[in-house]
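Assembly of the complex is requested from the two constituent chains, each provided in isolation within its own frame, with the hints serving as guidance.
Read off the chains here:
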Amino acid sequence: MTKRAKKVMIFKRFERFWHWAQAALIMVLLFSGFEIHGSYRILGFEDAVTLHRAMAWSLVTLWVFAIFWHLTTGEWKQYIPTLKKVDAMVKYYLLGIFIRAPHPFRQTMLRKHNPLQRLAYLFMWVVISPIIWATGWAYLFYAQWADWGLDQYLKLEDVAFFHAVGAFMMLTFLIAHLYLITTGKTVWAHMRAMITGWEEIDPNAKES
Amino acid sequence: MKIPGSTIFHICRISLLFVLLSGSAYATTTADHTKFKQLQVHFNSGPDVTRTCIKCHTEAAKQIHKTKHWTWEFLNPQNKQRLGKKNIVNNFCITPKSNFDHCATCHVGYGWRDDTFDFSSEVNVDCLVCHDTTGDYLKSGDNAGHPKSTVDLAYIAQNVGKTSRDTCGACHFYGGGGNGVKHGDMDDSLAVPDRDLDVHMDAVGPDFTCSTCHKSIEHDVAGSRYMPDAKHTDDYHVHRRDYDEENNAHCRACHGNKPHKKADKSRLNHHANKIACQTCHIPEMSRGGIPTRMTWDWSTAGQLNEDGEPIERKVDGNLVYSSKRGTITYAENINPEYIWFNGKVRYQLLTEKVRYNDDGYVLVNEFEGSPYDGESRIWPVKVFRGVQPYDPVNQTLVVPHTTGSDKASYWKNFDWQKAVAAGMKSAGLPFSGEVDFVKTQMSWLINHMVTPGEGAVGCNECHSKNGRLKDIDGIYIPGRDADKTLDAYGWLIASMTLVGVILHGIGRIISYYWSKRK
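Taken in order, these protein sequences are the chains called A and B.
First residue of the first sequence? That's 1 in our numbering, and the numbers climb one at a time after it.
First residue of the second sequence? That's 1001 in our numbering, and the numbers climb one at a time after it.
It should be emphasised that the hints constitute simulated quantities derived from the structure, not laboratory data.
The C-beta atom is built at its ideal place from N, Cα and C for all residues, glycine as well.
Mixed in with the good hints there might be a few duds.
[To be verified] Pairs of lysine-lysine residues, derived as DSBU-like cross-links and limited to a Cα-Cα distance of at most 35 Å, are as follows: (1) LYS1231(B) - LYS1215(B); (2) LYS155(A) - LYS1465(B); (3) LYS155(A) - LYS1484(B); (4) LYS77(A) - LYS12(A).
[What the hints assert, rightly or not] The following residues of chain A were derived to be distant from chain B, with all beta-carbon distances above 12 Å: (5) PHE11; (6) ARG13; (7) TRP20; (8) ALA21; (9) GLN22; (10) LEU25; (11) ASP47; (12) THR73; (13) TYR121; (14) TRP125; (15) TRP145.
Same shape as in the complex, but just chain B (with noise of 0.2 Å):
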């Protein structure tokens, strides 16, 4: 069998990122959790572990109290709005409430099945899913965020240690129900990234893990989607270790406001005026070779096989179509869009009625950004574009109720009705009995899988007509924008010019065969 030189590279790189990671996971603690007496023990449960952590980690479970990884609860500053996982709808499952059997699986804890959970509850923090080293711990898909049976609890217990870009990415990777589905920019590829596809976290180079940037702070992780950090801050360099205690998951927190050093690329520090990092250092969307999701249609969902049995579609390996879902589109390698945006959002609540932009499409969450605002700069987005159920009578986005296998799960019986009227009276909201589909779209900043800069954006992608932000307004951007009346008589005149000399030279020409003629 021939193998290819790159499979080679790869398996080289893995090795020896192993070999690096056995040898500093010893040099880096002072703690050898297999030595531990208490952790030598048969474990009946995630909550079990958790009590014998708490015993020397005191805070530990306190502090995750207070997280959004626990919560998944925020409350934005700015608009008042109640936001988090917990109580936002998106256009990809829809929403964990009254399905949180199936979603807790990616919960910082054990045992959320409804409001009956209680938060207050230190052993119900799942300390493991974060500080497995091993790989090998694995949540069940359908139990609350409860582990596996088949998991060996202690042997994971002695082996923790350090967030890693595998524990973050067991859950981060995968938001949207599968790899690389949801955000664009993270997908399993960043797990053993090479230099193209992470400058930063380059296995082989810096091999930053996800918390070197998102530093946390008694456990509470630096980095926010609700509210993002988008402006260009002048004089403002914060180096990580002076932690900014807002949010540090930003690239001038290393880097600074004028990163560009070379001489001959100092005219790119004033473009961050204007222009996020992310819009030049990230190319494109989904460059590990996983494909991300683009839409998603779930009013296609439903349709069953002769014998009456869901069915499902597959092209190279991704679900294109499945009776539980809809139809769903993929792209990789493909190119963000970009917005002004200047760190506001705002989401469509499911108290609230539906408002629609100019497309006709349901904004289910809007991000505000203009030209002229002074706060503003032009960030690649991944947008997401679905047709999702609402409430056609009370206007509304509603909460359909799809895992599971009781009477009302839309995955069992395929029933909008019931599927959403379960949904809603789980979430305590009103439901008029009909369901109707309404297009959505939802907006994901690019932040991740950053190039080198030799692989950023080049000028001429930009600095021309029909480039990457052709639809980008409120800027000059040479090599796009001239004044059209400019071009139009500029052009005439030197046109009329030409011409006139012409003529004048054909005159010379006629006239002095002319005269030699007589």
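So here's chain A without its partners, still in its complex pose (with noise of 0.2 Å):
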């Protein structure tokens, strides 16, 4: 018997607040810091950095509630890696997708991520991240180097260089991320469901 598909509320207010807002502020910060970098001129160096320095103080603000709220909601388990079922997601994107196979992984609550997109944003928060702070909080403060004694161990061009590498990483993963964004039940259902916080979740999809 065919159940009749079923409606979750998988991602909460906040939650998309969160993910919207950063959106919002890594394309800008892309944006401008491509432009610092010297790829091309469309502000002027001096408001891109003006911008870019505006919304780096943005996200970690709210990094800052992000943080409180993945840890105090427990949603941090989210990106507890698993290699589960991996290969059969690699598989659907390589082939299963085409031939309009079911998605080997079922959305829950409890599970919202599907394991690439659990290993997809683990990386995202254990290396891209930690590169794009650590050279970012370095750069912001290039000029209290000398106080701090830092000026002996760090080089503005290694930090402007891991910065930028930070930057290609996070634009790769963009690219990647906003095309699977289309890779739902149907183009538009995890749009959907990250502007309104509910996804369909098809019962009759099998969990092996």
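Following this line, the structure appears as structure tokens:
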């Protein structure tokens, strides 16, 4: 017997706010950051720096709230990695998606991310973000290096290099992430879920 | 006749200035020289006046005797080079040697014609050239610094006062033989500058004179072109009133090391570790409407007209060719060049063999500096390039006797061999008898015509590819420098990801329609 599709609240209000604010900030940071990097000239260096700094501090503030929220709600567990069914996910994206095979992962409140997502987001949290934050803070406080005795350990050139490494990773992540939005049950399903919080769960999908 | 608004404004400014000056002249002095009986006489000569001055100002001439303004000599304690106007060569008028009748017009003395000049003579000191307040004191152009015969010396003497932009400018605005010729940051637009031209000297604002910064002690004026103070010194903040005997004519003497007070500008203070104030706060050279000379080619001099007479060609009032001088080019409102500089300057002396740089120029003065020596900062310079006579056999620069009307004078006879032979003889230097020409380059620090903060060079002008500092090595400038390998891989990976997801998307679309068709 086929059950009717069921709607489940996957993304709570704060989580959605956090996601979209962060998305906007990251996009503006990438845009202004690559201008500071010298990749193009649109705003001019000075305005790009002003914007980048303002966005960076906004993101810091947002993260303070986000970290608090993740800790107090236990949502941080969503990022605990699992290798279970990663192969099935890869196979799905490489093949199954083209032949309209069922999605191997069943979303629930307790597991809102598929195994590949978990890995990707974990990579974001433990690799990309630390690189960007560490180098970003150093960059922000370049003028204080001498006072803090950091100038003998750090070179602006290296800090800028690794900050840009982080930025390229983030850009690549963003491109993939934006595309993967469209790989839900319908093209707009994931997007709708992220906006409204409701995801349609197919109760017939089997979990192996 | 329609008078443009800016002209009326300018006239108002000048009128206001005169009102202020006439009001303040009497307010700041306790001695009205017009009332001095000793000055109400007829003076026959400059020395005549000085004889009277030093009766009261007993130490003045002795003090002058110790200064560069008098000796035209400076011994660089760092490298023991004997410098000063008397000893060095430049690539403008080349050297006063053998040309003192003419060149000593800018000497603070009377009668320097040759080596016989008595430097110990107190009456030979020219007090008036610096202390005139009337603007009517003029030295003759070719009489070894003596005043013109038309000058009413008693009137000048009765109206002496503090030095002013006009008195200093009478020589320093005209270095190199004309208004604005030499420096690129000094010309007679600084006599009555507005705020935009010079924020400190603004005639209706702070109204600084030269001596506000170039403060003198016992007539010795602070500031040196031979040994400039170029580095950034930590925790060094001398207020001008706590006089630093070495050299007080620098920005931090008043502004300290952290002059940018607004929170959003504090990052600029950090720039001062590597960048001289002047680099940002003097955005262009020759901003006052008077062009400065950029090149001077003496090798083309000597072309005469059909009647065998010297010629002059001018463009916009500027001499671009003259038989006496050769070919000259000008520029105004132009960006300086930027160099690492630690304050050490080495000159190409007349007694040394010429040294060439990589571009084939002889560096008349060489500014030492490096991003790695911990002492240098980035400074703006005017780089003046010329072609001038040298001795190809002895491999030295030479002294040409240019001025005067004797039979060796170049300006009279247009014969380089004769002129150089006479010049070198006068200087007591060996000369092979052959004259050829060599490319020379000379650098001048840009220090004046300081713009208000809002007119300073913006971030974008250096933080960009091909910006003002494009040739400065040894530092990482965000916006200019980025690791090319990283960029190549970074963009490759990002674009491959983009292509990958697009292809994946296309695959899905195709498979979607394929499955529907079935």
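A quick look at each hint next to the structure:
1. LYS1231(B) - LYS1215(B): holds (20 Å)
2. LYS155(A) - LYS1465(B): holds (21 Å)
3. LYS155(A) - LYS1484(B): holds (17 Å)
4. LYS77(A) - LYS12(A): holds (15 Å)
5. PHE11: holds (23 Å)
6. ARG13: Since the minimum Cβ distance to chain B is about 30 Å, ARG13(A) lies beyond 12 Å and the statement holds.
7. TRP20: Answer for TRP20(A): holds, closest chain B Cβ roughly 21 Å.
8. ALA21: Non-interface label on ALA21(A) holds, nearest chain B Cβ at 23 Å vs cutoff 12 Å.
9. GLN22: Since the minimum Cβ distance to chain B is about 19 Å, GLN22(A) lies beyond 12 Å and the statement holds.
10. LEU25: For LEU25(A), whose nearest Cβ neighbour in chain B is about 19 Å away, the distance exceeds 12 Å, so it holds.
11. ASP47: Given that some Cβ of chain B is not farther than 12 Å from that of ASP47(A), nearest at about 9 Å, it is violated.
12. THR73: holds (32 Å)
13. TYR121: holds (17 Å)
14. TRP125: Non-interface label stands for TRP125(A): nearest chain B Cβ at 20 Å, farther than 12 Å.
15. TRP145: Violated, because the least Cβ-Cβ distance between TRP145(A) and chain B comes to about 9 Å, which does not exceed 12 Å.
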